[in-house]
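Trainee: Spelled out from the first residue to the last, the chains are:
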Amino acid sequence: MKVWYYGDDVNTDMLFPGKYTYTCSKPEEIKPHLLEDLDPDFAKGVQPGDIIIAGKNFGCGSSREQPVVGLKAVGIAAVIARSFARIFYRAAINQGLLLIEAPAAVDYYQPGMKVELDAAAGRVWVGEQEFSFPKPPVEILQIVEAGGLLEYTRRKLRAKAGAK
Amino acid sequence: MGMTFAEKLLAFKAGRDRVKAGEIVFCKPDRLLMHDNAAAITDKIAKDLDEFGVANSDQIVIVLDHTVPAVDEKTATGHKKIREFVTKYNIQHFFDVGVGVCHQVMVEKGLVLPGMLAVGSDSHTCSYGAVGAFATGIDRTEAAALILTGETWFKVPESIKINLKGRLMELVTAKDLVLTIIGKIGADGADYCSVEFWGDVCHLTVDDRFTIANMGVEMGAKNAVFPVDEITRGFLKGIGIERKNWQEFGADPDAEYKTELTFVMDEIVPVVAAPHKVDNVKPVSQVRDVEVHQCLLGTCTNGRASDFALAARVIGRRRVSPKTRLLLLPASRSELEKGLDAGDIQTLIEAGGVLLPPGCGPCLGAHQGVLAPGERCISTANRNFKGRMGCREAEIYLASPATVAASALTGRITDPREVM
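Those protein sequence lines, which keep their order, are chains A and B.
Residue 112 in the working numbering sits at position 112 of the first sequence, and the numbers go up by one each step.
Residue 1257 in the working numbering sits at position 257 of the second sequence, and the numbers go up by one each step.
To be clear, the hints were calculated from the coordinates, so they are not data collected in a lab.
There's no promise every hint is true.
[Claimed, not checked] DSS-like cross-link-like pairs, simulated, lysine-lysine; straight-line CA separation at most 25 Å: (1) Lys31(A) x Lys1109(B); (2) Lys1155(B) x Lys72(A); (3) Lys135(A) x Lys1155(B); (4) Lys1155(B) x Lys31(A); (5) Lys1047(B) x Lys26(A); (6) Lys160(A) x Lys1028(B); (7) Lys1080(B) x Lys1109(B); (8) Lys1047(B) x Lys156(A); (9) Lys44(A) x Lys1386(B); (10) Lys1081(B) x Lys26(A); (11) Lys1386(B) x Lys26(A); (12) Lys1044(B) x Lys160(A); (13) Lys1184(B) x Lys156(A); (14) Lys160(A) x Lys1047(B); (15) Lys1047(B) x Lys72(A); (16) Lys1282(B) x Lys1165(B); (17) Lys1080(B) x Lys26(A); (18) Lys1047(B) x Lys1028(B).
[Stated by the list, open to error] Far from chain A, by Cβ distances over 12 Å, these chain B residues were calculated: (19) Arg1016; (20) Thr1205; (21) Gly1240; (22) Gln1346.
Just so it is clear, CB atoms sit at the ideal spot from N, CA and C, and this is done for glycine as well.
Construct the entire structure; sequences and hints are all you get.
Mentor: Listed below in structure tokens is the structure:
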């Protein structure tokens, strides 16, 4: 498991360049361009289970969804950041990608340190140090547990149709 | 304790007496905006649409603007799919290639009005705070779910109050003001928050308010809103909307704010956002000799007739420097027509400007005015991220229409007050 470490304000153009927004929508089309303008090694080297650690305001900028779809598709286990931009945070919930706001853990992290995560318990270990993070509200967990917003929506609509 | 604008509006939409920041509510937005990405959005739910249909076709607005006219076969196919969806589900609010940038179209066609709750699959949906709406960007998946259900969840945001005092000086614009605010509070300064503008807003036109609200997301805001006043009402009357069609939600005087800030408009000077972050804001005086190879005047941030009028006034009968090129990108056909009626577009074309069709074009680097490695552009758009205009080895400076026009004359970043 590798940790990819980036700074503050990693924006959506860095995560997935805008020039591809209307030509790449499917995970396989997105993958080769992930983080292209930030870290050309990422798309080649990323493995399922890897973690991203970043500074504040991760995912700021456009509402494009490809960054979230791409990170989920390559198997990123979680993005741990000081904070996230709002639309990105919402998009991640809707795709079932785990985002963790843990500023103290990010501050403590030094490149090379081992990172372990127990999301259900709301805990992350950086090196030997343990940090906790608040779990999201129940309404949000229901969406993540359903496997994303579309699946959650389908279940709701089918239940409604069945009740009639 | 009173309620903020966001609390009041979301309480009303959720059918509650009151809500507080932090609560999650379920609401049916009045509008769901999509653009060229409606092709990818409807693709996600192709089977579900057959099973469940569209929840509320009147809620949906689709504007083709991001890659118009189509750039290649793929984008052309996307447009075709969208037209088929529009026909099949009888979507009345559909605007094909050339009508304008979605956000401008929403406001000028009266599709978004004071007191409305609007969401859009584009981050600059926050623009509609210019006319007192609660408007915010969402992702494609959420837009897809909304097509099926007409409903979604909102976390009631905390609010930030920004007091504006005095008035802007000659050749200093709303763009300089909002860039100064972003420079001060940072690109995440209003993360997750609702930003309310208060104070001497009577000196700001609806166009000015649009520019400011449009850039709300560049400070991280969920929405950015102006109070509804005589200026808003006059604008709405001008586009033929009767008073009975909207509701006005003002914040209570004793509402609770996370932060309160004051900006004195008389003290604002022409500024730029230097590469590659919108909060990297500097006075024009600090970057005055930087050469620019392209000048982009337009976009949904600053592509209205009033912006072209200001630029035409700065340029006058002079010509664009041979060392640079000037692109004109109107926010909509209607704004282009107004600019033509006033003669300002002609002035800018005679000066050497290249007129592009109303749309997003070079702003997101898809086509029309993509930059080359080592090139630098000064632009009235809202983002200067690395790679934004199609090339990661190019640089983008954001500025007002007056500063972009002045820079087009000299080929260097120039304070408009120096060329008048």
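Trainee: A separate judgement is required for each hint: does it hold in the structure or not?
Mentor: Structure-based check of all given hints:
Restraint check for Lys31(A) and Lys1109(B): the C-alpha separation of about 39 Å exceeds 25 Å, so the hint is violated. Distance hint between Lys1155(B) and Lys72(A) is fulfilled; the C-alpha atoms sit about 24 Å from each other, no more than 25 Å. Restraint check for Lys135(A) and Lys1155(B): satisfied, since their Cα atoms lie roughly 15 Å apart, inside the 25 Å limit. Restraint check: the Cα-Cα separation between Lys1155(B) and Lys31(A) comes to about 31 Å, which exceeds 25 Å; the hinted pair is violated.
Pair hint Lys1047(B) plus Lys26(A) holds up; C-alpha atoms about 17 Å apart against a cutoff of 25 Å. The suggested pairing of Lys160(A) with Lys1028(B) holds, with an alpha-carbon distance near 17 Å, which does not exceed 25 Å. Of the pairs offered as hints, the one joining Lys1080(B) and Lys1109(B) holds, with about 23 Å between alpha carbons and a cut-off of 25 Å not exceeded. Restraint check: the Cα-Cα separation between Lys1047(B) and Lys156(A) comes to about 16 Å, which is no more than 25 Å; the hinted pair holds.
A C-alpha spacing of about 21 Å is found between Lys44(A) and Lys1386(B), which places the hinted pair at or below 25 Å, so the restraint holds. A C-alpha spacing of about 16 Å is found between Lys1081(B) and Lys26(A), which places the hinted pair at or below 25 Å, so the restraint holds. Taking the CA atoms of Lys1386(B) and Lys26(A), the gap is near 24 Å; set against the 25 Å cutoff, the hint holds. Distance hint between Lys1044(B) and Lys160(A) is fulfilled; the C-alpha atoms sit about 21 Å from each other, no more than 25 Å.
Taking the CA atoms of Lys1184(B) and Lys156(A), the gap is about 44 Å. The hint is violated against a cut of 25 Å. Straight-line distance between C-alpha atoms of Lys160(A) and Lys1047(B) comes to about 18 Å, which keeps the hinted pair within the 25 Å bound. For the hint linking Lys1047(B) to Lys72(A), the alpha-carbon distance of about 23 Å falls within 25 Å, and the restraint holds. Pair hint Lys1282(B) plus Lys1165(B) holds up; C-alpha atoms about 21 Å apart against a cutoff of 25 Å.
At most 25 Å may separate the alpha-carbon atoms for a hinted pair to count; Lys1080(B) and Lys26(A) meet this at roughly 19 Å. Among the hinted pairs, Lys1047(B) with Lys1028(B) is consistent with the structure: their alpha-carbon atoms are about 23 Å apart, no more than 25 Å. Residue-level check passed: Arg1016(B) sits 15 Å from the nearest beta carbon of chain A, beyond 12 Å. Against the 12 Å criterion, Thr1205(B) stays outside the reach of chain A, whose nearest CB is about 27 Å from its own CB.
Gly1240(B), annotated as away from the interface, keeps every beta carbon of chain A farther than 12 Å; the closest lies near 30 Å. Non-interface status of Gln1346(B) relative to chain A is upheld: no Cβ of that chain comes within 12 Å, the nearest being about 32 Å off.
Going down the numbered hints, you'll see the structure goes against 1, 4 and 13, while the others check out.
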